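A.B. asks: Sequence:
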Amino acid sequence: MTKSARQAGPAPPLLAALRTAFGPDTIRHVEHLPARHGRTVQWPAWIPAEVVAAFRARGIQQPWAHQAQAAEIAYSGENVVISTGTASGKSLAYQVPTLAAFATDPHACALYLAPTKALGADQLDSLNSLTFPGSLSLDRFRAFPYDGDTSLASRDWARDHGQMLLTNPDMLHLGILPYHARWARLLRNLRYVVVDECHSYRGVFGSHVALVLRRLRRIAAYYGSDPTFILASATVADPAAVASRLIGATVVAVTEDAAPYPGADFVLWEPPLMVNTASVDPNVRPMKVDFDDPDNSFWASGPTAETHRGTARHDGTPSSDSDSDAEGEPVRRSASAEAARIMATLVGAGARTLTFVRSRAGAEQVALTAARSLERTNPALAQKISAYRGGYLPEDRRQLERAFDSGELVGVASTNALELGVDIAGIDATVLAGYPGTLASLWQQAGRAGRGDRPALITFVARDNPLDSYLVHHPEAIFAKPVEAAVIDPENPYVLAPHLACAAAEMRITDDDLALFGGPSATVALNILLADKTLRRRPSGYFFTGRRHPANMVSLRGSGHQIAVVEAATGRLLGTEDATRAPASIHPGAVYLHQGRTYVVRELDIHGGIALLDADRPDWWTSPRSVSSVEILEATSQQQVSRSISLAHGAVRVAEQVVGYVRRRGDGTLIDTIGLDSPEHVLTTHAVWYTISSETLRDAGLVDAIVPGALHAAEHAAIGLLPLFAGCDRWDIGGLSTALHVDTGEPTVIVYDGYPGGAGFAEHGFSVAREWLTATRDAVSACPCTSGCPSCVQSPKCGNGNHPLDKSGAVVILTLVVDALNAGV
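Numbering-wise (our numbering), the sequence shown opens with residue 1 and increments by one.
Bear in mind the hints are in silico, worked out from the structure with no lab data behind them. The reader is advised that the hints may include incorrect statements.
As the list claims (entries may be wrong) - Calculated lysine to aspartate or glutamate pairs in the DMTMM-like style (CA-CA distance at most 25 Å, straight line):
(1) K533 to E491
(2) K384 to E408
(3) K384 to D122
(4) K117 to E395
(5) K117 to D405
(6) K384 to D396
(7) K384 to E395
(8) K533 to D512
(9) K384 to D405
(10) K117 to E408
(11) K533 to E506
(12) K117 to D578
(13) K117 to D156
(14) K117 to D396
(15) K117 to D170
(16) K117 to D147
(17) K533 to D511
This structure is a prediction, so every number in the text was calculated from the model and none was measured.
Sequences and hints are given; from them, build the entire structure.
C.D. replies: Put into structure tokens, the structure is as follows:
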């Protein structure tokens, strides 16, 4: 999607419907994205006639210019990434050269990788719906799936006979590379590797995938093939560099979007203020109030400012303002509650609407609230609203996708599970309940609406947090700021070493292989594996010493295993939960929402991989409490910003433990605090931190008693704004602040990556500290509240219940740091 100019004009019907229903007070900005005419070119001459005929039979008479350009580059043997807007037809860029290869070489094979099952299933349907009448070479063409839902018989057939295999990085890692001898036919004839939605491979997940792709390239070379990589991406900064780092080889970028676009109105929406009132729809029995936040990883809670020797301690006893707004301070209606109202209004106005919600529970609640709202005005439409999220069983997901595509459903509230690629035609409006984590994801979600000739309506609803509040008041951050790059670090030793072990188990590693895996970093990781006797060196190379392939011990996405969420009374599997998230999200006593029904967790057995739940309708909600500490191990980069202020980046050790939870009624009233005995988790990662002397703080008017709250508030706000600069999600990072850290000897604010070995986010924060902390200061100082609220310094995941916090003190601290950074420019 291209950046637009601001244009005046009459409001289209959907925008007018929102203004009529809600009034003007909630709309902060409307960006008019202009329509764009498409630009087609002739089919390249090298494409076989039967392939051209198949696409023309589908209605594609000529390709868009960017499709043909990317296909030409791939056909010539160069790796290519096509980085254009949502619904710009990127799939054709890989389908044309792969089908051309199949038409001219009956032995040619291709591998397609998708980050989600839904996207893979959609592409499978697209390929298998093509017909090649009269073609001798393509008459038997069929793409085959290879994922966790594929039967054993189908897997065997795909392995032995398939030309086009659609899978995901996990299955490549677990099911193909460890058993490459069985896949010799495919690997020997591998012409193309397609990496779809490659911008989603970021952080530690992206680093894992980068190393899996390097392992694939090494094994393919062993069998005599040198596949061309075709990557597709949302618009990101420097897509060629991102794709090159992902596959470990040079990639050419195609970025000029020649597809037509019907135009849209992009609305920035800020929910109304509500003074000391829970943001819960009166027609829904109260549940957990804040459904706007995602199912956070265990390491992403924002710790307290109350510390002892660098340790943040949470005793589970909240103060009077814990987990709520500051005393007397207004809060805003939750983004999910507001999105449900908007969704109901748009569906009632005749718009097919897709609402993106940050959490699984939020998707359930938004669908339920929108349906109940429509029951009062249009009961027939109320039956056509549903939730869609990860954790559903595969057959349930496929049924919901078909129902939405056919029009049986007219409104769906989804997590980002529907963000990528699933081709659902005719969506008129998208609603984004909160910033999805990156600008690339924001544009990807926004672009799901507006396919065809009818202009779309996109509504971004700000959550009550510093980043969302900043965005709706600074439209240029969305419409003028270049989209961020995807940050990955395949040289992270915690990621690299396990993949070197996997590579050695697949085939001995030689010294020549080390350059592929990072050169000096690979040598360091190799020495670690030699020291712990995972590998053994012989004259011909490095060999794996174990009996079982280590791939099963290396998880690309999370903790390494999932927790089965089971209804105790019936034994019915409700879904799954990542083990790292389980202590905070499905601890005993936690309230859990699934497809509109509420449950209370009876028992959690992490080692056994199961959580037992009881169906219930409680009138309370729960939030976890935790203790944490951060030990600074080494400062790898350090800047003395001024005589009394320093900035650093380096290795840290984080320890965190969920020690209890609080129960509150729907209006926020505290019921009780209940202790838990959960295991402590230790994380060695990377962080960025700044220190400021106590003397400087006193000279600025901050007495010792308010320093902990000022540092704590500055920490929360910094965590909230870093995603705008580092390309991370708020839940990829955590933080701690202390008035006296044992390792620095000074008041300190720390922000750390929530993954072993780091993910590159904190390091990037160090490199853009001036811009990051300036935006943080501006967001806090511009907030109209007096003592701190969720829009500036409060965090819904604070392990100490947002206590203590001092907003005015945070502005003083941030101004001191920003002024010092500016003086050093």
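A.B. asks: The structure should be examined with respect to each hint, and the outcome stated for every one.
C.D. replies: Quick rundown of the hints versus the structure:
Restraint check for K533 and E491: the C-alpha separation of about 21 Å stays at or below 25 Å, so the hint holds. Taking the CA atoms of K384 and E408, the gap is about 7 Å. The hint holds against a cut of 25 Å. Note on K384 and D122: the hinted pairing holds, with a Cα-Cα distance of about 22 Å set against a maximum of 25 Å. Of the pairs offered as hints, the one joining K117 and E395 holds, with about 12 Å between alpha carbons and a cut-off of 25 Å not exceeded.
Distance restraint check for K117 and D405: the Cα-Cα separation of roughly 17 Å lies within the 25 Å cut-off, and the hinted pair is therefore satisfied. The suggested pairing of K384 with D396 holds, with an alpha-carbon distance near 16 Å, which does not exceed 25 Å. A C-alpha spacing of about 19 Å is found between K384 and E395, which places the hinted pair at or below 25 Å, so the restraint holds. Under the criterion of a C-alpha separation no larger than 25 Å, the hint pairing K533 with D512 is consistent with the structure, at around 21 Å.
Of the supplied pair hints, the one linking K384 and D405 holds, its CA atoms being roughly 12 Å apart against a limit of 25 Å. For the hint pairing K117 with E408, the CA-to-CA distance comes to about 22 Å; that is within 25 Å, so the pair holds. Note on K533 and E506: the hinted pairing holds, with a Cα-Cα distance of about 17 Å set against a maximum of 25 Å. For the hint pairing K117 with D578, the CA-to-CA distance comes to about 17 Å; that is within 25 Å, so the pair holds.
Taking the CA atoms of K117 and D156, the gap is near 19 Å; set against the 25 Å cutoff, the hint holds. Taking the CA atoms of K117 and D396, the gap is about 13 Å. The hint holds against a cut of 25 Å. Of the supplied pair hints, the one linking K117 and D170 holds, its CA atoms being roughly 11 Å apart against a limit of 25 Å. As the CA atoms of K117 and D147 are separated by approximately 8 Å, the hinted pair is consistent with the 25 Å bound.
This hinted pair checks out: K533 and D511 have alpha carbons roughly 18 Å apart, not beyond 25 Å.
Of the numbered hints given earlier, the model fails none.
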